[in-house]
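Visitor: Using the hints provided, position chain B relative to the given structure of chain A.
Keeping their order, the protein sequence lines are chains A and B. Using the numbering used here, you'd call the opening residue of the first sequence number 1 and step up by one each time. Using the numbering used here, you'd call the opening residue of the second sequence number 1 and step up by one each time.
No wet-lab data here; the hints were simulated from the structure. Any given hint could be a false lead.
Claimed, not checked - Okay, derived cross-link-like pairs now, DSBU-like style, lysine-lysine, Cα gap no bigger than 30 Å in a straight line:
1. B:Lys64 - A:Lys153
2. A:Lys153 - B:Lys133
3. B:Lys92 - B:Lys64
4. A:Lys153 - B:Lys92
Below are the chains, spelled out letter by letter.
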Amino acid sequence: MTSFSPPAAVVKSPAMPVGPSRPWIPLGAGVAAVLGIYAPVVPAMVGEWAAFPNLSHGFAIPFIAAYLIWARRERIAGEALESSPFGLPLVVLGLAILALGSLGGEPFLARVSLPVMLLGTVLFLAGARVARHVWAGIGFLLFMIPLPYLMLKSLTYQFQLIDAGASARALSWLGVPVFREGVFLHLPGITLEVASVCSSVPAIAALTALGAAYGQMHPRPTWLRAALIVAAAPLGFASNIVRITLTAVSVYYFGPVALDNVIHKFNGTTVFLMTVVLLVALDAVMLRVAARNLPR
Amino acid sequence: MSLRGRLAILLGLIGATAVAIGLAPEVREGQWGAGLDALPTEVAGWTSTAGAPEWALPVDPNEKAALRRTYRRAGQVVWVSVALFAREDDPKRRGSIDRIFPEANTSRIDRVAIPVILNGAAPVRLPAVVGYKQGGPLAVVYWRQLGRRVYGGDYRYRLALMREILFRRQADAMLVRLGIPAESGGALEDALSLVSEIAPPLYAALAPIAASSGAGRGRP
Chain A
1 MTSFSPPAAV VKSPAMPVGP SRPWIPLGAG VAAVLGIYAP VVPAMVGEWA AFPNLSHGFA
61 IPFIAAYLIW ARRERIAGEA LESSPFGLPL VVLGLAILAL GSLGGEPFLA RVSLPVMLLG
121 TVLFLAGARV ARHVWAGIGF LLFMIPLPYL MLKSLTYQFQ LIDAGASARA LSWLGVPVFR
181 EGVFLHLPGI TLEVASVCSS VPAIAALTAL GAAYGQMHPR PTWLRAALIV AAAPLGFASN
241 IVRITLTAVS VYYFGPVALD NVIHKFNGTT VFLMTVVLLV ALDAVMLRVA ARNLPR
Chain B
1 MSLRGRLAIL LGLIGATAVA IGLAPEVREG QWGAGLDALP TEVAGWTSTA GAPEWALPVD
61 PNEKAALRRT YRRAGQVVWV SVALFAREDD PKRRGSIDRI FPEANTSRID RVAIPVILNG
121 AAPVRLPAVV GYKQGGPLAV VYWRQLGRRV YGGDYRYRLA LMREILFRRQ ADAMLVRLGI
181 PAESGGALED ALSLVSEIAP PLYAALAPIA ASSGAGRGRP
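This is chain A alone, in the form it adopts within the complex (with noise of 0.2 Å):
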């Protein structure tokens, strides 16, 4: 006598009634249903990307998003496809979400309650094996989500000071005779403001995504990835400082027309590469780190 063996995807998933050949098509119109909803809210948002270049990082998260799922298809794939019961009330609670935020006027709470509709859905249709591939990658989609420029706005003004104290430390240590009156340093002959334009906070969400798209690039301990993703804002503000305080020893030494270099007038950029410098050298030291730890 001789057993019958069922294919593998089908013992995987029993209560998947499709074709085992077509199994993710539903997910994919599950998907596409989502995203269709949300044709309405993304435009603002692109625009919003397009206005303010702090937020222009918005326009590459999303295809990194992809990348990040693209990059586990075949660990996915593997997977059976089973339903979790976190799912419907994920759905559920995103589509409030967004009923609250397209119907109240709060554009915030409509394209936060996104990532949320996708994770619902994955977990709904597909379960919680797909959703552990993929949750990292929805996850990053709420990089591209401008904060409420209310709550942007108090914390900008708050940066300034701590930017401009530091700075006028800073200045102090290096011998450049300075006066700091809130946001104002008062150097010889000339005043500089540590301006909102100058703050790093508007550029959290894209130092935040840069650290967290670092610490996907190669094969990393869990705790490294996290530590890199915290530490990348932390840096961010280091680097505003110290582009601050060499704008203003420049100044000191050269005069006004040291504002005119490239380091103040591209600050998003010169911030943006001072951090990802300060990332690499903060991960070589953890890796070597987390090397020493292994056990021989």
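Guide: Only chain B this time, still in chain A's reference frame:
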């Protein structure tokens, strides 16, 4: 439940939400029955002249209508701006928080809250933004009104506006600002104390105008 069944549920929920959003009534623009000109030129012993300096109380291009006056009493000056905003559900038409108080050439900005009794009931904590400029500090005290309801906090106002849009499909609001230069009243504390003198009669004078928009019916 089968995958197709789950997909059907998902599509049903998405469809129902799309219909609910699509069929919701349009947000209406209120009819401001009483014009801003109804604001009296004399308030509690303060007499006014037209206009207020823009460097103290910036103009917001999204204002539907606005009135600016300079109130004086015995050498003291308070600049007043009352602005009406319509359809604040549209982010492009929303009043900007960048234009409530002047930020240019300001070395430091402090925020304090002043408890003021506007209607004889419980005090409302009004935000006062004190900007330090070369010519001396300037305090801008402001509140927003949805009908007769007063909101001092920015977040509380946004929540109230969302409630108004959701349930009444109206998004018209009034922004009242008082600009007080510290020199006119002496110390900053003295200048801020003027708010409790002039704000209640202003609120009382504005109540019929605010109520005429039909927004935010109810007690302050």
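Visitor: None of the hints should be skipped; say for each whether it holds.
Guide: These are the hints, each one checked on the structure:
{"no.": "1", "hint": "B:Lys64 - A:Lys153", "in the structure": "holds (24 Å)"}
{"no.": "2", "hint": "A:Lys153 - B:Lys133", "in the structure": "holds (20 Å)"}
{"no.": "3", "hint": "B:Lys92 - B:Lys64", "in the structure": "holds (13 Å)"}
{"no.": "4", "hint": "A:Lys153 - B:Lys92", "in the structure": "holds (18 Å)"}
In summary, the structure agrees with every hint in the numbered list given earlier.
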